[in-house]
Every structure is written in C-alpha cells, then in structure tokens.
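Could you slot chain B onto chain A? The hints should help.
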Amino acid sequence: MDYSIPKELELLRKTVKEFAEKEIAPVVEDMDREGKFPEESIKKMAKLGLMGLPVSRKYGGAGAGMLGYCIAVEEIGKVCNSHGTILGAHTSLCCMPIEMFGTEEQKQKYLVPLAKGEKLGAFALTEPNAGSDAAAIETTAVRDGNYYVLNGTKIWITNADRADIIIVLTVTDKALGARGGITAFIVEKGTPGLSVGTLEDKMGIRGSSQAELIFENCRVPKENVLGDVGAGFLVFMKGLDCGRLSLAAGCVGGAQACLDASIKFAMNRIQFGKPIWENQAIQWMITDMATEVYAARNMVYHAIWLKGTGKRFTKESAMCKLFASEILCRAIDTALQIHGGMGYMKKFPIERMYRDARITRIYEGTNEIQRLVIANMISREMRKS
Amino acid sequence: MRFIVCIKQVPDTTNVKIDKRTGRLIREGIPSIINPEDKNALEEALKLKEKFGGEVIVISMGPPQADEALREAMAMGADRAILLTDRAFAGADTMATAYSLGSAIKKIGEYDLVLCGRQAIDGDTAQVGPQLAEFLSIPQITYVSDLNIEENKVVAIQELEDKRVKWEANLPALLTVTAEANKPRYPTAYRIMSAYKEKDVEILEKKDLDVDEKRIGMDGSPTSVKRIFSPEPKGKGEIIKEEPKKAAGILFNRLRAKNIL
Numbered sequence: 001m002d003y004s005i006p007k008e009l010e011l012l013r014k015t016v017k018e019f020a021e022k023e024i025a026p027v028v029e030d031m032d033r034e035g036k037f038p039e040e041s042i043k044k045m046a047k048l049g050l051m052g053l054p055v056s057r058k059y060g061g062a063g064a065g066m067l068g069y070c071i072a073v074e075e076i077g078k079v080c081n082s083h084g085t086i087l088g089a090h091t092s093l094c095c096m097p098i099e100m101f102g103t104e105e106q107k108q109k110y111l112v113p114l115a116k117g118e119k120l121g122a123f124a125l126t127e128p129n130a131g132s133d134a135a136a137i138e139t140t141a142v143r144d145g146n147y148y149v150l151n152g153t154k155i156w157i158t159n160a161d162r163a164d165i166i167i168v169l170t171v172t173d174k175a176l177g178a179r180g181g182i183t184a185f186i187v188e189k190g191t192p193g194l195s196v197g198t199l200e201d202k203m204g205i206r207g208s209s210q211a212e213l214i215f216e217n218c219r220v221p222k223e224n225v226l227g228d229v230g231a232g233f234l235v236f237m238k239g240l241d242c243g244r245l246s247l248a249a250g251c252v253g254g255a256q257a258c259l260d261a262s263i264k265f266a267m268n269r270i271q272f273g274k275p276i277w278e279n280q281a282i283q284w285m286i287t288d289m290a291t292e293v294y295a296a297r298n299m300v301y302h303a304i305w306l307k308g309t310g311k312r313f314t315k316e317s318a319m320c321k322l323f324a325s326e327i328l329c330r331a332i333d334t335a336l337q338i339h340g341g342m343g344y345m346k347k348f349p350i351e352r353m354y355r356d357a358r359i360t361r362i363y364e365g366t367n368e369i370q371r372l373v374i375a376n377m378i379s380r381e382m383r384k385s
Numbered sequence: 001m002r003f004i005v006c007i008k009q010v011p012d013t014t015n016v017k018i019d020k021r022t023g024r025l026i027r028e029g030i031p032s033i034i035n036p037e038d039k040n041a042l043e044e045a046l047k048l049k050e051k052f053g054g055e056v057i058v059i060s061m062g063p064p065q066a067d068e069a070l071r072e073a074m075a076m077g078a079d080r081a082i083l084l085t086d087r088a089f090a091g092a093d094t095m096a097t098a099y100s101l102g103s104a105i106k107k108i109g110e111y112d113l114v115l116c117g118r119q120a121i122d123g124d125t126a127q128v129g130p131q132l133a134e135f136l137s138i139p140q141i142t143y144v145s146d147l148n149i150e151e152n153k154v155v156a157i158q159e160l161e162d163k164r165v166k167w168e169a170n171l172p173a174l175l176t177v178t179a180e181a182n183k184p185r186y187p188t189a190y191r192i193m194s195a196y197k198e199k200d201v202e203i204l205e206k207k208d209l210d211v212d213e214k215r216i217g218m219d220g221s222p223t224s225v226k227r228i229f230s231p232e233p234k235g236k237g238e239i240i241k242e243e244p245k246k247a248a249g250i251l252f253n254r255l256r257a258k259n260i261l
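In the order they appear, the protein sequences are chains A and B. FYI, my numbering numbers position 20 of the first sequence as 20, with every residue one higher than the one before it. FYI, my numbering numbers position 218 of the second sequence as 218, with every residue one higher than the one before it.
Bound conformation, chain A alone (with noise of 0.2 angstroms):
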C-alpha cells in the first residue's frame, strides 16, 4: 500500500496553506460579524486556479484530481468554513456534475468559465417542503416546444446570490417521481423569471450566502437539460457523492486546526503553576481529538482513492461525511472546553469555529440521511450476496 501524496499536490497543499494564513484568515473576522460574502478573497482563490481543481484541464481545470481538490478544502477548512462552503457548492455540486452529465457544447460554454473562477455556480434543490426527502421537490418544469418553463420555489440555497450558473432540480412527470421525474436543468443568472428572495441570516458560515429563488415562468431552452430528461436524481446523486468527500476533507481541516490551536493553548496556559497539558483530563481529550482526526483523514483519502478505481463510493463517502462532521463537532467543543473562558470569547477564532461547525452534520444530507445511504447501501450488498 502506498500512501504518500504526490509531490504536485504537496506543493498544492502547502500554497493554499500558505494562502489561507495570509489571505483568508485575516478577512475572516469581518466576514464572520457582519455576515457578508468574501467578494476579494474569493476572487484571489479564483485567480489561483482553486475554483476548477478537479475539472479537466481541457475545460479550464487545473487538474488536480480529487485528492488534490480535497486537500485544498481540507487546507482552507483549517481557516474559515464560510470560504469551504462556497468553494464546495461551487466545484462539487456544480463544475462536477456539468463535467460528469454535461455535452460538449455544455462544458464549453459554463464549465470552463466555472472552473477557471470567472463564475461562480450553485446547486439548487431544497424546497420548503422537500430537504431529506429530496424526491419530494414541487417546482415543476414543462415543457414548451423548444423551451422548459420553470415555476416553484427553492431555499437555502449556497451562493445563489452570487452564482452565475445553477444546477436546478425539477418535477417534469410527478407520477414517475425520483425514477424517471426529476430532471436537472442549467439555468443562467439573469434568465427572465429567476429571481433571488430572501437571505438568511444564519447562527455560522455567515461568509456564505444561503438564499431563496423563485422561479416564476422562467424559461430555459431545451438544451440546457442537463444529463437526460427524467435522470436528474442521478445528476444528484452522483454530485453528492462527490460533495460528500469534499465536505467530510473540510471537515478533517477544521478538526486539525481545533487539536492544533488546543495543543498549543494547553502547552502555554499556566493554572496552579504548570501549563494545563500537565493535567490528565487535557492530555486525554487532545489524544482523543488527534486520534479522531487521524481516523477520519485516513477514511477521507482511502474513499478517494477508492472513487479513483472506478468502484462505486456511495456508502464509503456518505461515512466520511457522517464521521468527518461528528468529530469535528466535538472536536470543537472539545478545544472549546480547553480553552475555557477565552473559548467563548468573540474575539478568539473558537467561537466562530463553533458556530460554523455545526451546519456540518446538516447540509449536504443531514447526517441521520447519511445513516440512511448507509443502511440502504448495506441492504444492497446483503441482497447481492
């Protein structure tokens, strides 16, 4: 077995490292309080090559692969969830599924400018009445001679505010449901009958934007199915198991930033003339942190790998997720607890860290979703032995 990362992408890690310290920790203060999307530093991420880092370099990537996208989002979760946020919906949840779904004509004309960061994409979904029941979706898609015309209504929807392109899921047959109903469309800002409702105001990522849109009469042309009428939970499905790792990596990012801040806290804070590291209690909880870590990296890198062979990755990356976003959540109240009365405290990073965990083990399919993919996949492989 092999394990080592190529050297390309330990460069890749340590220049997006060395970016994230110097260009994104600095703005995320700011951010983070008045809850404003990181216009600049996300336009300097773009001018670095990271908006299209798994795409292809024919359409504009850099070619970096899973692992080199993963361990770029790893790096940049150690920093600011808000920034990983954006970044995710954009590359896994849209530049993927138009590089894995779309035509050639498609890829031409939104996958390479997504992907060299000159526009930014999203993924639409969640309804008011459809998130873990994602089948459930009502806006409806009909079609009229050469055009689709789209009317319904989708929430908390990532960078739908900022995007230029969103992948849009929609009923076109309500009786053929999630086998055969659903169709995914490309839908271009600025399309007449698209617009953006309210903003969220949110507990964390607070960089991110989460928004409504409203589709009313909004016309698309046929061309911009993406995939195959009827086929959109497919586009779906296959993009959340990429979306999946991406997160679960950002996940083990944050995981490592709260050990390492924990770690040198511990070493410096000095209570009854020792520095607390001395005390069981904290040596317990940081060997407990790192081991989590460790554990979750190590299955964040194999699913990739795994998604490299070719084989299936559904149940391996819906795990990653499930397990990536639990440890960071207790990874973070973990550090909190060390840090005591400095942890709470809005002027030291942990408390934004806290605030931005939790939505972890909610979006991207809540982590009992997770459970579900899990036990379905688990059923499966029962019934094939």
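The set of hints was computed from the structure by calculation and includes no laboratory data. We put the CB at the ideal spot given by N, CA and C, even for glycine. Only true hints are included.
Per the computed footprint, the stretches of chain A lying under chain B, defined by three or more beta-carbons under 8 angstroms from a beta-carbon of chain B, are:
| no. | region |
| --- | --- |
| 1 | 2-8 |
| 2 | 41-51 |
| 3 | 63-74 |
Simulated pairs of lysine-lysine, DSS-like, Cα-Cα distance not exceeding 25 angstroms:
| no. | chain 1 | residue 1 | chain 2 | residue 2 |
| --- | --- | --- | --- | --- |
| 4 | B | Lys183 | A | Lys17 |
| 5 | A | Lys44 | B | Lys47 |
| 6 | B | Lys197 | A | Lys7 |
| 7 | B | Lys166 | B | Lys153 |
| 8 | A | Lys264 | B | Lys20 |
| 9 | A | Lys14 | B | Lys47 |
| 10 | B | Lys199 | A | Lys14 |
| 11 | B | Lys49 | A | Lys47 |
| 12 | B | Lys197 | A | Lys47 |
| 13 | B | Lys199 | A | Lys47 |
Below, a sample of chain A positions facing chain B; criterion: calculated Cβ distance under 8 angstroms:
| no. | residue |
| --- | --- |
| 14 | Leu11 |
| 15 | Leu12 |
| 16 | Thr15 |
| 17 | Phe19 |
What follows is chain B alone, placed relative to chain A:
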C-alpha cells in the same frame, strides 16, 4: 528578453532552532523553502517578462532535492529551470558557488538580466550575487527595492540603511533584490500541475560545464565555517508609557533628534 534568476533552497529558518551544544542548525523536520528574497527576485523577473516579453530561467546549485524549489519557481511562472548538481560541487563556499553558477550561466548563452535575492536566510552572507557579477564581468546593483528597464539600461533603487540611491546600468547586469521590492505571487494550481507533469528540470553536472576543478566544491572554497552561534539579543526596546498623543510626541522628538525624521 531573457531573465535569469538564481535561487537557493534553504531550511525554513522561521521554525529552525540552533543546538546550543554543537552550535549547528537543527534541520530535522524543518521544511525546505525557496529562500524568501530569491522569490522577490523571481517576482521582479516575472513582472519584467510580462512587460517586455521573453523568458525567465531559474537556476540553482544544490542537492537533487532542490528540484522541488525549481519546480515551485516554475509553478510561479518561470519558463525553464536548471539544477547544478554534482558531488563535485558539494561543500562550496560563496566563491566556489558563484564561480559554478557563473559557468552555468555562460553556458545558457545570451541574457539581459541576472536577478538574485539579496541574501539567503541560512547563511546571510549576501556574497554570491556580487561575486557572480564579477565572474560574469557585468555591472551589479545590490539591495534593490525597485527596478525598471528603460531602453537598453536597467534603472534601480538601491536601499541602504540611511539612504536610497538611484543607479543606472547597461544590460546585461546583475541585481540583488530585497524583500521590500514586491510581494511574490502564489503559484497557481494549473502551473503546479504543469511544473510536475509537463515540465522538466534540466540537470547540469560537472562534466557538462567548462569549469576548473580547483575552483569548485570544497577544494575551490577559500573560506570555511568555523563556528555558528546566535548573536546576543539586542537589549529590550524602550516602551514609552504615556497617553497615545503624548507618547507619539515623545517618539517624534526622539526620532527628529537622531535625524531620522
């Protein structure tokens, strides 16, 4: 135009500690980086290339692992990379290093500007650049914080402790660049992948160069390091404990008394 940039791979001394017993740097587990001011030199070359066209060649002398530094330089935008590596070059002091680099640069052929970092963070000598200019018999401007090419001349600002001097030199010339000159760009993801997957580092060994054996490596080095030690730290700075407005006034008067303002 053709720009040659000399770079050195050094231990990241911001994290390095000195073994108090032996006086040597503890290098274990310390990552290697491109010497920071060499990155400033590279950034200047890349900016000149963007302005005037041409190519940027990075060159380094060192062990085979200096390959990483050269690939990083290509990921920042250098077109070609040359590594001078041979056991015969090992143990070189600044003079033998400058002589060897000079021989390699002569082999490259025509060039317009050689750019070096002011000094390396591991040795701090600031000697290789000036000696290299001597070996190449070209004019040199050291401690450069700003530069431009105007017609067939390079115009540069030399940053000295107490003054700034504007110099002009005919091309080709050699400049050593300080950290104040610029903020080096980050490598791009696309170029990082190219630097490893599409490009090669050209290797030059002793046999490829027209060098006098007595002037390279340990044998060609008239100097050797006797001892490394940390200088005593300077006394603590003085803290002016007053209201900000009053403190600023005191500071202003002190600086004026020393002719700094």
